[in-house]
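There are 2 protein chains.
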Amino acid sequence: MRVINFNPGPAGLPLPALERARDELLDFQGSGMSVMEHSHRGKEYDAVQSEAISLLTELLGIPDTHQVLFLTGGASQQFAQVPMNFLTPGASADYLMTGVWSEKAYEEAQYLGKVRIAGTTVLPDKRYVRVPRQDELTLDPKAAYVHMTSNNTIYGTQWHWWPEVGDVPLVADMSSDFMWKPMDVSRFAFIYAGAQKNLGPSGVLIAVARKDFIARGRKDIPKIFRYSTHAENNSLYNTPPTLAIYLCRNVLAWVKQVGGLGQLEKWNREKGELLYGALDKHAGFYHAPVEKDSRSYMNVVFKLPTPELDDRFVAEAKKAGMVGLKGHRSAGGIRVSTYNAVTVDNVRTLVSFMEEFIRKNG
Amino acid sequence: MRVINFNPGPAGLPLPALERARDELLDFQGSGMSVMEHSHRGKEYDAVQSEAISLLTELLGIPDTHQVLFLTGGASQQFAQVPMNFLTPGASADYLMTGVWSEKAYEEAQYLGKVRIAGTTVLPDKRYVRVPRQDELTLDPKAAYVHMTSNNTIYGTQWHWWPEVGDVPLVADMSSDFMWKPMDVSRFAFIYAGAQKNLGPSGVLIAVARKDFIARGRKDIPKIFRYSTHAENNSLYNTPPTLAIYLCRNVLAWVKQVGGLGQLEKWNREKGELLYGALDKHAGFYHAPVEKDSRSYMNVVFKLPTPELDDRFVAEAKKAGMVGLKGHRSAGGIRVSTYNAVTVDNVRTLVSFMEEFIRKNG
Ligand SMILES: Cc1ncc(COP(=O)(O)O)c(C=O)c1O
Ligand SMILES: Cc1ncc(COP(=O)(O)O)c(C=O)c1O
Ligand SMILES: [Mg+2]
Ligand SMILES: [Mg+2]
Ligand SMILES: [Mg+2]
Ligand SMILES: [Mg+2]
Numbered sequence: 001m002r003v004i005n006f007n008p009g010p011a012g013l014p015l016p017a018l019e020r021a022r023d024e025l026l027d028f029q030g031s032g033m034s035v036m037e038h039s040h041r042g043k044e045y046d047a048v049q050s051e052a053i054s055l056l057t058e059l060l061g062i063p064d065t066h067q068v069l070f071l072t073g074g075a076s077q078q079f080a081q082v083p084m085n086f087l088t089p090g091a092s093a094d095y096l097m098t099g100v101w102s103e104k105a106y107e108e109a110q111y112l113g114k115v116r117i118a119g120t121t122v123l124p125d126k127r128y129v130r131v132p133r134q135d136e137l138t139l140d141p142k143a144a145y146v147h148m149t150s151n152n153t154i155y156g157t158q159w160h161w162w163p164e165v166g167d168v169p170l171v172a173d174m175s176s177d178f179m180w181k182p183m184d185v186s187r188f189a190f191i192y193a194g195a196q197k198n199l200g201p202s203g204v205l206i207a208v209a210r211k212d213f214i215a216r217g218r219k220d221i222p223k224i225f226r227y228s229t230h231a232e233n234n235s236l237y238n239t240p241p242t243l244a245i246y247l248c249r250n251v252l253a254w255v256k257q258v259g260g261l262g263q264l265e266k267w268n269r270e271k272g273e274l275l276y277g278a279l280d281k282h283a284g285f286y287h288a289p290v291e292k293d294s295r296s297y298m299n300v301v302f303k304l305p306t307p308e309l310d311d312r313f314v315a316e317a318k319k320a321g322m323v324g325l326k327g328h329r330s331a332g333g334i335r336v337s338t339y340n341a342v343t344v345d346n347v348r349t350l351v352s353f354m355e356e357f358i359r360k361n362g
Numbered sequence: 001m002r003v004i005n006f007n008p009g010p011a012g013l014p015l016p017a018l019e020r021a022r023d024e025l026l027d028f029q030g031s032g033m034s035v036m037e038h039s040h041r042g043k044e045y046d047a048v049q050s051e052a053i054s055l056l057t058e059l060l061g062i063p064d065t066h067q068v069l070f071l072t073g074g075a076s077q078q079f080a081q082v083p084m085n086f087l088t089p090g091a092s093a094d095y096l097m098t099g100v101w102s103e104k105a106y107e108e109a110q111y112l113g114k115v116r117i118a119g120t121t122v123l124p125d126k127r128y129v130r131v132p133r134q135d136e137l138t139l140d141p142k143a144a145y146v147h148m149t150s151n152n153t154i155y156g157t158q159w160h161w162w163p164e165v166g167d168v169p170l171v172a173d174m175s176s177d178f179m180w181k182p183m184d185v186s187r188f189a190f191i192y193a194g195a196q197k198n199l200g201p202s203g204v205l206i207a208v209a210r211k212d213f214i215a216r217g218r219k220d221i222p223k224i225f226r227y228s229t230h231a232e233n234n235s236l237y238n239t240p241p242t243l244a245i246y247l248c249r250n251v252l253a254w255v256k257q258v259g260g261l262g263q264l265e266k267w268n269r270e271k272g273e274l275l276y277g278a279l280d281k282h283a284g285f286y287h288a289p290v291e292k293d294s295r296s297y298m299n300v301v302f303k304l305p306t307p308e309l310d311d312r313f314v315a316e317a318k319k320a321g322m323v324g325l326k327g328h329r330s331a332g333g334i335r336v337s338t339y340n341a342v343t344v345d346n347v348r349t350l351v352s353f354m355e356e357f358i359r360k361n362g
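Chains as they are written, first to last, in full-length UniProt numbering: chain A, 1 to 362; chain B, 1 to 362.
Isolated chain A, as found in the complex (with noise of 0.2 angstroms):
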């Protein structure tokens, strides 16, 4: 029996994207060995990877002038791989704090040059429970970019509309909610994103690149950092983590198969008032911190009267068969992530649970 995963990353994935995998882990269609026994160079393998760019390219609208690129890392590699790229000497780049990620790459970047914190919403005492407002925004015409963090996966809080930057590349870390609804990809110089929460396992990356912005990355640092070298290679320059791109394959099929993006957001919606539906009404029981207009559709992050509440929370949820609930040890409580695979029936599980709970211990 599978249990209802509302992990944080890596999270749930789709049932048939899994069954898939399954069924052909030891013969990859009829070629006798498993694809990830099979040469990154070969036809077979090759059709994987290509098929899975198309999905992005098609579910995404990429228009062609940016590319999808597979790297590895993780988002934490990019915080450090981005100024590295574009943080040019005498340059410097525009970080907006919405959350401990944006802390960190803002850390990376500066082992590596100038930035400036352009934009925060960090309370006294550390959290953060909004994303910034546009003039709040101190944007410095001549960065060398702007870095944000789209979905604040610890704290909660996500952007609903995007910061006008003018002609600065717009970079953003979009690990926790890549694809949870349709967007305009240009927009943006360069999306970054962990596949560990909306498309697949761990142990792969997905970046869309404007190709213009990339070209113009520096060429003084070794090959394997440049993301041209990635880019003029089709992610082939070394060997991918082709197991993990072959898996991201198999969800971005589901995706198209269940309607698409606009379908996953009439979904994802849905869970999310479902659950701040459920946090409104009982907001004398269940404390939700974000500010309405900041509320993550991807993480819903509460806390009980007491952290003893919280526990038994977490405990008896477990026993009801949901797991995944236990907010980030920075930021305590409870933290529901309600990814692509999350199903609005799982959801509505909970909010029955929720309101029982509320009925014994409230």
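None of these hints come from the bench; they were simulated from the model.
Nothing here was measured: the structure is a model prediction, and the numbers come from that model.
Hints may contain errors.
One copy or two, either will do: identical chains are not told apart, so a pair holds if it fits within one copy or between any two.
To be verified - Derived DSSO-like pairs (lysine-lysine); straight-line CA-CA distance at most 30 angstroms:
| hint | residue 1 | residue 2 |
| --- | --- | --- |
| 1 | Lys292 | Lys181 |
| 2 | Lys318 | Lys223 |
| 3 | Lys104 | Lys223 |
| 4 | Lys219 | Lys104 |
| 5 | Lys126 | Lys219 |
| 6 | Lys319 | Lys142 |
| 7 | Lys142 | Lys223 |
| 8 | Lys318 | Lys303 |
| 9 | Lys223 | Lys114 |
| 10 | Lys142 | Lys211 |
| 11 | Lys114 | Lys256 |
| 12 | Lys211 | Lys114 |
| 13 | Lys126 | Lys223 |
| 14 | Lys142 | Lys114 |
| 15 | Lys318 | Lys292 |
| 16 | Lys211 | Lys223 |
| 17 | Lys43 | Lys318 |
| 18 | Lys211 | Lys104 |
| 19 | Lys319 | Lys43 |
| 20 | Lys114 | Lys303 |
| 21 | Lys104 | Lys126 |
With chain A's structure known, arrange chain B with the ligands on it following the hints.
Here is chain B with the ligands on its own, set in the frame of chain A:
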């Protein structure tokens, strides 16, 4: 029906390791989810990663002075990350050049500091057919490290002795022969190997590092690139490629179950003797360019009298259920990769095919 897989990497994996993955792909140990859906910080995944480390430690006899790390980016990223950590300003590093991969390691290091060639066996036509002798090395006793490639995947040469480097830390890219036999880990300050030959799928790199060596790596580089970061966080600084590490664990468990590295060495030597025996016996037809005491037991390369015969050999072998035999595009000819998962019987089948091929075409 599974084919006989002589791929150079990604390569064939032991069937029991794959079957284990398939059987529990949807439900890992009754947890109701796939291992790839588990949190990297949960106890279920932790047990897997810990077991992988203890199996490596036991099988290789890794001493307390050393530590196992799981990294990403492949060996190609280590080509840059090693000098990033250890080639401090003012220092110089020595490189031993024995093939394409040594050259790439050397080229990447040049972007980061001063490097010297302390030995090379390159021929005027750019090929390599042997590794150097100790008396051919001109080592710098003050070098930050000496870098070597233990097995040259493309040219089919392998070091069968370790260079004497005094007190200078010895760093080895063992991507294509890691764990082919027992070894004395203590001779090395830093060993690294992509998993996709002897250990698992692509997407994870195993390093065995001397603790005091990585502790003195540079601290003025981004945290994600410091080996010390990964050492201090037990390879959980950021999200590791959990599925790839799980598969390595399965392969390592198989290695132990069949008898450990002593047994693998016996099989690997037997496979090598079968193949080189056939090549020597039919030296007029099969041309094996590598000098005898540099012959690789992991990648056996040879050429037929004409490129057309090479192609026919590959095509007919494929019909007979043997794949992955085409030589690297930069070397041509035939390459038989006989990593740990290739059985003695697989090699016997190939040798019979080679004999038969001569009868028909010799
Ligand atoms: C928004 C965001 N950025 C970055 C990261 C770090 O990703 P990784 O561990 O893959 O480096 C995470 C991990 O949860 C995240 O949620
Ligand atoms: C000896 C050696 N080093 C390095 C590499 C590059 O490894 P990766 O593609 O994982 O970066 C290879 C790949 O075949 C190799 O055989
Ligand atoms: Mg955050
Ligand atoms: Mg997180
Ligand atoms: Mg080589
Ligand atoms: Mg190779």
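Status of each hint after checking the structure:
no., hint, in the structure
1, Lys292 / Lys181, "within (19 angstroms within a copy, 61 angstroms between copies)"
2, Lys318 / Lys223, "neither (47 angstroms within a copy, 35 angstroms between copies)"
3, Lys104 / Lys223, "both (24 angstroms within a copy, 10 angstroms between copies)"
4, Lys219 / Lys104, "both (25 angstroms within a copy, 16 angstroms between copies)"
5, Lys126 / Lys219, "between (38 angstroms within a copy, 26 angstroms between copies)"
6, Lys319 / Lys142, "neither (55 angstroms within a copy, 61 angstroms between copies)"
7, Lys142 / Lys223, "both (27 angstroms within a copy, 27 angstroms between copies)"
8, Lys318 / Lys303, "within (17 angstroms within a copy, 61 angstroms between copies)"
9, Lys223 / Lys114, "both (23 angstroms within a copy, 17 angstroms between copies)"
10, Lys142 / Lys211, "within (20 angstroms within a copy, 43 angstroms between copies)"
11, Lys114 / Lys256, "neither (42 angstroms within a copy, 51 angstroms between copies)"
12, Lys211 / Lys114, "within (24 angstroms within a copy, 32 angstroms between copies)"
13, Lys126 / Lys223, "between (38 angstroms within a copy, 22 angstroms between copies)"
14, Lys142 / Lys114, "within (12 angstroms within a copy, 34 angstroms between copies)"
15, Lys318 / Lys292, "within (28 angstroms within a copy, 62 angstroms between copies)"
16, Lys211 / Lys223, "both (17 angstroms within a copy, 28 angstroms between copies)"
17, Lys43 / Lys318, "between (44 angstroms within a copy, 15 angstroms between copies)"
18, Lys211 / Lys104, "both (26 angstroms within a copy, 26 angstroms between copies)"
19, Lys319 / Lys43, "between (47 angstroms within a copy, 17 angstroms between copies)"
20, Lys114 / Lys303, "neither (38 angstroms within a copy, 55 angstroms between copies)"
21, Lys104 / Lys126, "within (14 angstroms within a copy, 45 angstroms between copies)"
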